[in-house]
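Student: Sequence:
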Amino acid sequence: MLSKLVRTPQPFALALVVSLAASAAQAAVFFPTKTTDTADGACDADCSLREAIVAANATAGPHVILLKDETYVLSRSGAGEDFADTGDLDVREDVMILGVGADRTAIDGTHLDRVFDVLAGAHAEMQDLAVRNGTVAGAGGGLRSDSELDIRRCAITANSTSTAGDGGGIASTGSLRVSASTISGNNAAGDGGGIAAGEFATLTNVTVAANTAAGFGGGLFFLGDTEAPIVHATIATNHAAVRGGGIYGTALPFQASHNPELRLTIVANNSSVTDRDCAEAVTSAGRNLLGEGTNCLDFSPAKNDLKGTSAALIDAGLAALGNQGGPTATIALLASSPAKNAGNTCEATDQRGQPRDAACDVGAFETGNACLASGAALCANQNRFRVSAT
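The opening position of the sequence shown corresponds to residue 1 in this note's numbering, with each subsequent residue numbered one higher.
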């Protein structure tokens with residue numbers, strides 16, 4: 001289960017520099033040289049990702065770990081210890097882990113354990129990589145964090161929990177920041193198929209799709225009194241066995257001062273026994289599209305929200321999750337989508353890096369013709385040409 005840890009959110013800068021000058025005597029940059037999962041106690045000319053994590057944990061950070069265009073496969077079985085010797089990669093100090101793209105750099109848990117465990121007091125930042133195939137008897141199939149976790153331009157996919165564990169993809173009880181990323185194909189035996197979060201979480205330009213939960217919140221689940229601004233997200237095709245196929249916010253009447261708050265977000269095409277898209281303490285900051293939102297708090301035409309009911313669903317006009325350019329999978333808008341040009345006061349770009357118009361599209365995807373680089377595509381001559389390689 002997901003228990004609540006009270007912690008004051010602290011921002012962790014998304015930059016390669018990560019303030020190395022502030023602690024130059026301790027900070028280090030680690031370069032794993034192989035993809036196999038060894039642990040000989042040193043990160044030198046022969047260094048695995050696990051050995052780099054152990055080395056980073058040994059001294060105060062912030063540290064940087066630079067990964068290549070490779071898949072790093074975890075193979076050392078043995079769950080339950082917290083020093084990254086076996087099973088998941090336990091992060092105990094401040095570290096930034098950088099790949100070269102979510103479609104090119106992957107960390108594969110091979111279902112031995114979850115993939116990452118960010119322990120109390122650590123700041124972890126992950127950028128341009130995929131976290132997949134983590135499995136755990138507990139919370140956080142892909143990643144669990146009791147501290148500070150920032151995720152940017154990543155794919156969190158095909159992770160799972162058992163024994164009623166919450167957060168198939170991510171479980172967080174500290175501060176969670178996710179941007180320009182896709183959370184898809186994860187499964188929770190408890191609540192929150194994609195993400196289960198408490199205390200603080202923010203999602204910007206994020207696609208949450210095709211996740212499942214045996215309890216509440218097929219896509220997203222939030223504990224009561226969780227501050228969770230969600231902007232330009234697309235939450236679709238998720239399933240919850242109980243309530244809130246897309247998103248569920250736990251209600252604490254007369255006790256909570258914070259709730260998940262949606263702006264410029266699509267919640268549609270999800271499924272559940274009741275409240276297929278949105279349930280309980282989820283609020284609106286304006287210009288959202290809810291396929292069915294009868295039992296969410298305050299979505300209304302006065303806030304420029306489009307909200308369907310169980311008797312009259314709104315067709316969001318969504319394509320299938322797939323490669324629309326950029327390093328992460330997204331859900332494009334069909335020509336008939338009412339989400340097109342329905343926004344204002346928009347983020348500068350969409351999840352893929354496509355510039356947004358002043359009257360932008362609602363959701364993580366913006367319709368446009370900009371050249372978007374990915375693992376198989378190069379934008380050349382000031383983005384005038386797109387070269388694809390097979």
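By construction, these hints were calculated from the structure, which means they are not laboratory data.
Check before you lean on any hint, since a few could be wrong.
As the list claims (entries may be wrong) - In silico EDC-like cross-links for lysine to aspartate or glutamate, where the CA-CA straight-line distance does not exceed 16 Å:
no.: 1; residue 1: Lys303; residue 2: Asp315
no.: 2; residue 1: Lys34; residue 2: Asp108
no.: 3; residue 1: Lys68; residue 2: Asp108
no.: 4; residue 1: Lys68; residue 2: Glu81
no.: 5; residue 1: Lys34; residue 2: Asp82
no.: 6; residue 1: Lys34; residue 2: Glu81
no.: 7; residue 1: Lys68; residue 2: Asp85
no.: 8; residue 1: Lys68; residue 2: Asp40
no.: 9; residue 1: Lys34; residue 2: Asp46
no.: 10; residue 1: Lys340; residue 2: Asp315
Student: Would you mind marking each hint as holding or not holding in the structure?
Tutor: Comparing the hints with the structure gives:
Using a Cα cut-off of 16 Å, the hinted pair lysine 303 and aspartate 315 is violated, with the two alpha carbons roughly 19 Å apart. At roughly 14 Å between alpha-carbon atoms, lysine 34 and aspartate 108 fall within 16 Å of each other, so this suggested pair holds. Taken as a hint, the lysine 68 and aspartate 108 pair is honoured in the structure, with Cα atoms around 14 Å apart against an allowance of 16 Å. A hinted pair counts as satisfied when its Cα atoms are at most 16 Å apart, and lysine 68 with glutamate 81 does not qualify at roughly 27 Å.
The suggested pairing of lysine 34 with aspartate 82 is violated, with an alpha-carbon distance near 23 Å, which exceeds 16 Å. A threshold of 16 Å between alpha carbons decides the hint, and for lysine 34 with glutamate 81 the separation of about 24 Å lies outside it, so the pair is violated. For the hint linking lysine 68 to aspartate 85, the alpha-carbon distance of about 22 Å lies beyond 16 Å, and the restraint is violated. Using a Cα cut-off of 16 Å, the hinted pair lysine 68 and aspartate 40 is violated, with the two alpha carbons roughly 21 Å apart.
Our distance criterion of 16 Å between C-alpha atoms is met by lysine 34 and aspartate 46, whose separation comes to about 7 Å. With a C-alpha separation of about 13 Å, the suggested pair lysine 340 and aspartate 315 falls inside the 16 Å cut-off, and the hint holds.
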